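As they're listed, the protein sequences go chains A and B. Position 259 of the first sequence, counting from 1, maps to 259 under the UniProt record's numbering, and the rest follow consecutively. Position 312 of the second sequence, counting from 1, maps to 312 under the UniProt record's numbering, and the rest follow consecutively.
Note that these hints are calculated values from the structure, not bench results. Computed from a predicted model, the values in this text were never measured in an experiment.
Heads up, the list lumps identical chains together, so a pair's fine if it works in one copy or across two of them.
List time: in silico DSBU-like cross-link candidates among lysine-lysine, alpha-carbon distance up to 35 angstroms: (1) K251 with K160; (2) K26 with K251; (3) K159 with K195; (4) K282 with K79; (5) K282 with K52.
Number of protein chains: 2
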Amino acid sequence: MESELHEVVSNKQVILRDLVESGSLKESHMLLMTGTAKLKVPEGSGNVVLLKNLFLSCNPSMGVRMRNMKVGNSALFFKPGLPISGYGVARVLDSGSPNFKKGDLVWGLTTWEEYSLIIAPGTLFKIEHDDIPLSYYAGILGMPGLTAYVGFFEICSPKKGETVFISAASGAVGQLVGQFAKLLGCYVVGTAGTKEKVNLLKSKFGFDEAFIYKDEPDLDAAIKRCFPEGIDIYLDNVGGRMLDAVLLNMKIRGRIAACGMISQYNLDQPEGVHNLMKIIQKRIRIEGFLTTDHFHLYPKFLELVLPQIREGNIHYLEDITNGLESGPGALVRLFSGRNIGKQVVAVAHE
Amino acid sequence: MESELHEVVSNKQVILRDLVESGSLKESHMLLMTGTAKLKVPEGSGNVVLLKNLFLSCNPSMGVRMRNMKVGNSALFFKPGLPISGYGVARVLDSGSPNFKKGDLVWGLTTWEEYSLIIAPGTLFKIEHDDIPLSYYAGILGMPGLTAYVGFFEICSPKKGETVFISAASGAVGQLVGQFAKLLGCYVVGTAGTKEKVNLLKSKFGFDEAFIYKDEPDLDAAIKRCFPEGIDIYLDNVGGRMLDAVLLNMKIRGRIAACGMISQYNLDQPEGVHNLMKIIQKRIRIEGFLTTDHFHLYPKFLELVLPQIREGNIHYLEDITNGLESGPGALVRLFSGRNIGKQVVAVAHE
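Chain A on its own, in the form it takes in the complex (with noise of 0.2 angstroms):
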């Protein structure tokens, strides 16, 4: 029985070929290639731990660490040759850890392959409710939720009945701070690339209202005509143009939470944003932030979203490919907007 651990089995990768130097992430920067591994921990290796990964996150983030920014930090740049990282889902085949052993459900930073040996696994969590489907521990139960808990409740400090807008808010963490606002008695608007998404903010996840932003010739007229007296709370998750707008339209004491600038990722040259003028006249808090400070909070989101997940009363949309060879081609999705839902890939099915 034991014996079948030290198998040695093959290991397909997405490794990544060449930094993006200019113009978008297209498959041909990442190669598919398939090399071996072996099921069991290194002897005398320590506080190693071993993943056969089962979903892996298509994050916003990815694309900053795969692009040779001149402002960028080169040591977060992904490695020309070896395989791109991620959040994702996994389970324990073996451990040297004391805190996971065999056979244990995790979700956490790992590599995009099949299977991953894990040297440091203090970003590793624990999966301890498992009635719940496990991608969503990709998504709204991992780094995007966590995310939207953060950006909106410690960055953002909001009180019932005030105005929220989101950006890019039919992704995994638009989605989901868009149902905390309602849920907390505010009026939310959000918006997307498409009719579609755009209908799936208010049919499905109770956005009050929603707009195309790629169909607004004016984003300032667009966000007016939502907002008539003005943004309290604004979660951006695209930067550029959308935030210059925003920022035309906060209310005094307005807070806006940087979560992400996707519109910037595939940029050469960031754009400008021209209105920042507008944070001293309305006393505007701008505040970036990065999930991985707050993980201690991760109990209590959890208290606070699983049985709202139970109930019904949030709810969580993915758009999942299969198999890892479709990593690549669902990461291009995510950069161009295509996918619908929290961008998932799914690596293997027990």
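Based on the hints, put chain B in the right spot on chain A.
Coordinates of chain B only, in the frame set by chain A:
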């Protein structure tokens, strides 16, 4: 004796001729006119105070109010044909308000003229300490002083040993923030537009380093030279290109207090800021504020700053022009950066 107060006197005023539509503010945008004033609060006019203006403060925010900016709040614009207004120091000549009596010295919001009827004296503060030069209440002991206090202590929550960068550092707000930061034990660097100002920062105000931003082709490199480890706190008085370069050099969890964006007030179209993505990676907080929201802190501010001024631990440099007729020129000087220290107009000497 009392009949003296009913006297009608001539009253010089600085009138806005036209809002600035494009280009820089010029003296010709203003007009000196002489009307008359009755040296008595009109019967039955209620809570009204008659002031004899002594000193007027040239404040960067006046530039915003003199310009027809598309993104501005037009309710804040000065009205062509009427005298402009700002903060100043004055003697109460007559009062219908229970809070002020004849002979009181006050600082607060007044009009650019010799005698002003103040309809809403809620923004006037009685001057209790006149062992300090009265002109100081148009600067270090008035709005700019309180702005420095709020921007540094309230918005940036500074800690001993942190690194602090200040733009327009020789101005009224900048010189005081720098001295507050040094008293707290911070490392302080300022930037200004001339060699003379930069020398003052180091010799008079005790800054650790200072540089002439106009002489630096690469602001990013200049900042990196002074802050190899990065910036914890940036007091932004200028916005634009400098803010963009600072964003590249902020430390993790750095704080930016948006006090002013003087580099933008004289532009027809504000410059774009391109490096806002840094806000996320570095978890930066940018917060705008208006000092008028923090008037309740004025006594606390005075308690801190008065002994330091009296003991010579805090220095203050003024650039005073004489006579209301020098006012338009003093304002233009401010926006061209030709003033050395706080730009004040002395209207009358008692």
